[in-house]
Amino acid sequence: MPVSDDESRPFRPKLRAGARFGAEAAQRPILMFEDVYKSYRPGAPVLRGMNLVIERGEFVFFTGASGAGKSTLLRLLYRAEMVDEGRILFMGRDVARLTHDSIPFLRRNIGCVFQDFKLVESWSVYENVAITLEVLGLPQRLIRARVGEALERVGLNGRGHDPAGVLSGGEQQRVAIARAIVGEPALLLADEPTGNLDPQLAIDILGLFEEIHEGGTTVIFATHDRTLLEIRPRRVVVLDAGKAMDVRAGVATPEKDGDFDNELPL
Amino acid sequence: MIDLSSATTRRAKRGLLREWRLHVLSVFSLSVAFVCLAAALLVVTNLQAVEKRWAHAGRASIYLKDDATSGDVQQLKDALSKVQGVTAVHYVSSGQARESFTTTDDPNGVLASLPAEAFPASIEIDVASDVTDDGLTEVVGKLRKLPAVDDVETYQSWTDRLARLVRGGVAASALLAVIVLLSVLAVVGSTMRFALQRRRAEVEVLRLVGATDRFVKAPFVIEGSLQGALGAIGAIILLGALFIIVHSRLDGELALLLGVEPSFLPWPVAVGMVALGAMLGATAASLGLRKLVHV
Numbered sequence: 001m002p003v004s005d006d007e008s009r010p011f012r013p014k015l016r017a018g019a020r021f022g023a024e025a026a027q028r029p030i031l032m033f034e035d036v037y038k039s040y041r042p043g044a045p046v047l048r049g050m051n052l053v054i055e056r057g058e059f060v061f062f063t064g065a066s067g068a069g070k071s072t073l074l075r076l077l078y079r080a081e082m083v084d085e086g087r088i089l090f091m092g093r094d095v096a097r098l099t100h101d102s103i104p105f106l107r108r109n110i111g112c113v114f115q116d117f118k119l120v121e122s123w124s125v126y127e128n129v130a131i132t133l134e135v136l137g138l139p140q141r142l143i144r145a146r147v148g149e150a151l152e153r154v155g156l157n158g159r160g161h162d163p164a165g166v167l168s169g170g171e172q173q174r175v176a177i178a179r180a181i182v183g184e185p186a187l188l189l190a191d192e193p194t195g196n197l198d199p200q201l202a203i204d205i206l207g208l209f210e211e212i213h214e215g216g217t218t219v220i221f222a223t224h225d226r227t228l229l230e231i232r233p234r235r236v237v238v239l240d241a242g243k244a245m246d247v248r249a250g251v252a253t254p255e256k257d258g259d260f261d262n263e264l265p266l
Numbered sequence: 267m268i269d270l271s272s273a274t275t276r277r278a279k280r281g282l283l284r285e286w287r288l289h290v291l292s293v294f295s296l297s298v299a300f301v302c303l304a305a306a307l308l309v310v311t312n313l314q315a316v317e318k319r320w321a322h323a324g325r326a327s328i329y330l331k332d333d334a335t336s337g338d339v340q341q342l343k344d345a346l347s348k349v350q351g352v353t354a355v356h357y358v359s360s361g362q363a364r365e366s367f368t369t370t371d372d373p374n375g376v377l378a379s380l381p382a383e384a385f386p387a388s389i390e391i392d393v394a395s396d397v398t399d400d401g402l403t404e405v406v407g408k409l410r411k412l413p414a415v416d417d418v419e420t421y422q423s424w425t426d427r428l429a430r431l432v433r434g435g436v437a438a439s440a441l442l443a444v445i446v447l448l449s450v451l452a453v454v455g456s457t458m459r460f461a462l463q464r465r466r467a468e469v470e471v472l473r474l475v476g477a478t479d480r481f482v483k484a485p486f487v488i489e490g491s492l493q494g495a496l497g498a499i500g501a502i503i504l505l506g507a508l509f510i511i512v513h514s515r516l517d518g519e520l521a522l523l524l525g526v527e528p529s530f531l532p533w534p535v536a537v538g539m540v541a542l543g544a545m546l547g548a549t550a551a552s553l554g555l556r557k558l559v560h561v
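Chain order of the listed sequences is Z and D. Every letter in the first sequence is one number past the one before it in this note's numbering, and letter 214, counting from 1, is 214. Each number in this note's numbering comes from the position in the second sequence (counting from 1) with 266 added on.
Some chain Z residues near chain D, calculated using beta-carbon distances under 8 Å: (1) Pro-104; (2) Arg-107; (3) Arg-108; (4) Cys-112; (5) Ser-122; (6) Ile-131; (7) Thr-132; (8) Glu-134; (9) Val-135; (10) Arg-179.
Think about it this way: if two alpha-carbon atoms lie no more than 25 Å apart in a straight line, the pair counts; the simulated SDA-like pairs of lysine to any residue are: (11) Z:Lys-118 x D:Arg-464; (12) D:Lys-408 x D:Ala-345; (13) Z:Lys-118 x D:Arg-466; (14) D:Lys-318 x D:Ala-440; (15) D:Lys-279 x Z:Leu-138; (16) D:Lys-279 x Z:His-161; (17) Z:Lys-118 x D:Thr-275; (18) Z:Lys-243 x Z:Arg-48; (19) D:Lys-318 x D:Leu-441; (20) D:Lys-411 x D:Ser-336; (21) Z:Lys-118 x D:Arg-556; (22) D:Lys-408 x D:Ala-394; (23) D:Lys-318 x D:Glu-527; (24) D:Lys-279 x Z:Pro-139; (25) Z:Lys-118 x Z:Leu-201; (26) D:Lys-279 x Z:Gln-140; (27) D:Lys-279 x Z:Ala-145; (28) Z:Lys-118 x D:Gln-463; (29) D:Lys-279 x Z:Gly-160; (30) Z:Lys-118 x D:Asp-479; (31) D:Lys-279 x Z:Gly-165.
Treat the hints as calculated values from the structure; they're not laboratory data. As the structure is a computational prediction, the values presented were derived from the model and not from experiment. Every residue gets a Cβ at the ideal spot worked out from N, C-alpha and C, and that includes glycine.
Same shape as in the complex, but just chain D (with noise of 0.2 Å):
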């Protein structure tokens, strides 16, 4: 427990007071860590936004065999639009998917030079937002058995990288979150161990009138404490500064090629940051100061 008597504070803002340049460099130092964990935070939670946003990406392409007939088509188009959730249904010919390919993708003309097997037919299907994956691979597992139907893709595939990439994202996170742990335990602990001996003589006068290891510690801790709060303050901040930059420029770029609004970190998680920035440096004070001055 610490003591916070308006003594202890006192004391503990007469400290900071003092020793200014001695934390302000040490919440530089901090935020440098925390920004990595913050931009590390922000990237998985812009791309959980993106996976969010393609698991319900409402699209499916039916690919026809090429011996489907215009009475297949026309059935299952029929069928189509009777499934609850499909919004939409639209056929593309194999000669209109070329023309496709040969105009957007295909400058050199390379395409243009395939058989007319490489552009199947398909019936392309918009699906509701609300429909979810159990509920899409439901319907593609009976569109499969149809006699007219090839292959149906579902972009399930784009979902599943996805969700690799932010799974990887969320180790990485977790990974550069021991880091800035270790950062956080060695950058205050070694600050307080350098207040502590510059303030030696404080703490031997405090020795000397009985004052306990925890009245002597809780000034450093309490220091700790803000210097790991506005470090994560510091590095929310830094981060928050470069988003806004990032934003006006891309904003339209990257909300067209990710399909969602980059947005910045919750409120709960940079609040989530700052109290776990003064946890840790409470505890970094704390062991730091393990083994006080005797007297």
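Looking at chain Z on its own, in the form it has when it is part of the complex (with noise of 0.2 Å):
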């Protein structure tokens, strides 16, 4: 299991405003699910019972076939969507029983990538990023800042001014992450985010992953697409009949993009 240098520093979560956590907050897994239960349709759960634990600074990649239940395992974790039974623990809370009011603070926790970008078309790159620090109502010189590094991370510095809507697929979908990385988040989530790039862009995005949870963020990234999968030593959870299954665990950062070879039992 990966183990960043940020481990050693004391973690303080904040699903709401002046909450306090014990030192023992920092010992639990980040994510715990347990007898997850969600259905859409009466008779035709997508998830039964499902069990995971994920634990701090991982990266795991969520697959599956599609309508296995992945994007609504992420709804579930920023509470998109309420689970029909058992718990999730974020933080050692359970996100179901966050009041209406606590939900923002837990999303202020969780970065969220989607496959369709998610941004403002008419908003500025800079505005689309500066929004996630606005919430939190940070002072306007610390946001430029913060900002201007998010951007120079996913390599679009010096874009900030140009509207979000004239960028192409690949630049829309930077501005995503570093919307999602710039309010330094514990959890990051990506729903397909390369689902509307081509090979050599998805790869590049899946590397911008790659270096947000060197970073120490702790990183769940669904996607079907089995190149990436197999390209990246990292663990690997298949959905399938509604619950959980690791197929693969993770293993230390690779010494180059591309030196793991291993064939998924998927």
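From these two lone chains plus the hints, build me the complex, please.
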């Protein structure tokens, strides 16, 4: 299991303004799924008693056929959906039991990246990224500095004034990633982030997630693209028949891209 | 509470600029609604001035009995001259009254055929404007008891009619205010819901990055508030223009007819209307967005 240098830092999750956490919170897994059930139609559950533990600092691929529940799982995590049964513990707190007013504070700890980017096309690149920090009420000077850093990390330095709508797909996804990481969330969720990109761009974007992960962020990357799974030696969880199966444990960061040759039993 | 941070005002400004056609249409609709209220308030304001003027009309006619002698008349005139607040006393004989009516109000000579009793002699008195209604009533009560006096007309009935008219105007204004309130709620609420639909992507992003309901709503509430205030300002400008046109053409006639100079809405009323518009707009936007887009 990857362990980053940031593990040594005191861990202070904030799901609600003013909430205090004991030191033991740092020892808990970042995510625990306990007997999670979810269905949209009676008799056709998407998740059937799913159990899974994700430790802090992990990089986990979620994969499975279309409709297996990858997106549902992520939506449950950031409380766009509610579990029917079971618990999802994020930093030790049951996501399902959060009040409506606490949900924004949960989401401030989770960065999300989607296949369709979910950018406001009429806004500039800067505005799309800065909104994450404006929501937190940070001063503009600090926002400018941190957005600048985030854009530099995703390779969009100097593109802040460009309208998001005129960027290429790959660039738009980079903006979405910058928006997701600028608040330094504990967890980064990516729902098919390479689904709209060509293979080379997909690999580039995956590389970006790897770099972010190296900074200590836990990453959950949902994809059905086997190529991506095969070129990175990360933990792979397959969603099948409403349950999660660990099919490959994560290994240490590879020395270079593409040197991992492991046929997955998918 | 509205979050008035720079990010919020910037988002509100951006929303106003992006959806300016929608907002202009909304402001125009609100102006039409507010113009009705403002017009009613204008009428009430001027009716109140007329009522006040006529409440202190400062005139009374003391009709004398047919058998009143010249001695009675002189005695009465002397007594009235000494009453505090009476500024002038003028005797009108029966013949003078007939002459006055037949020359001004009787072009066909119908009044001229009436008997002499139809035009009783009277004493017309002018009363100082600071004499209250109660004071005048007291004097009239005393006058009615005098043997030579038949009846006293103080024009109180006119004042009463005007007061009833003012009360009716106030009631109509209150009704119009309710209609305006409902219009503002409907117009601003619909506009904001429509704007929300058009900015669904923005709201979705805000939700994703952890914006609270208040943060999401704040720019819409500011936009609604501005719409309400601009609607009221538009109505005042429109009504002001109409007032100037009417005032310039009918100034003399109106003043002669009403006895007072017509006036526009007092500035506290105008400011109050703008404040009411802003408050209603903010409330309407807030209520219209009760159910935000959930992500």
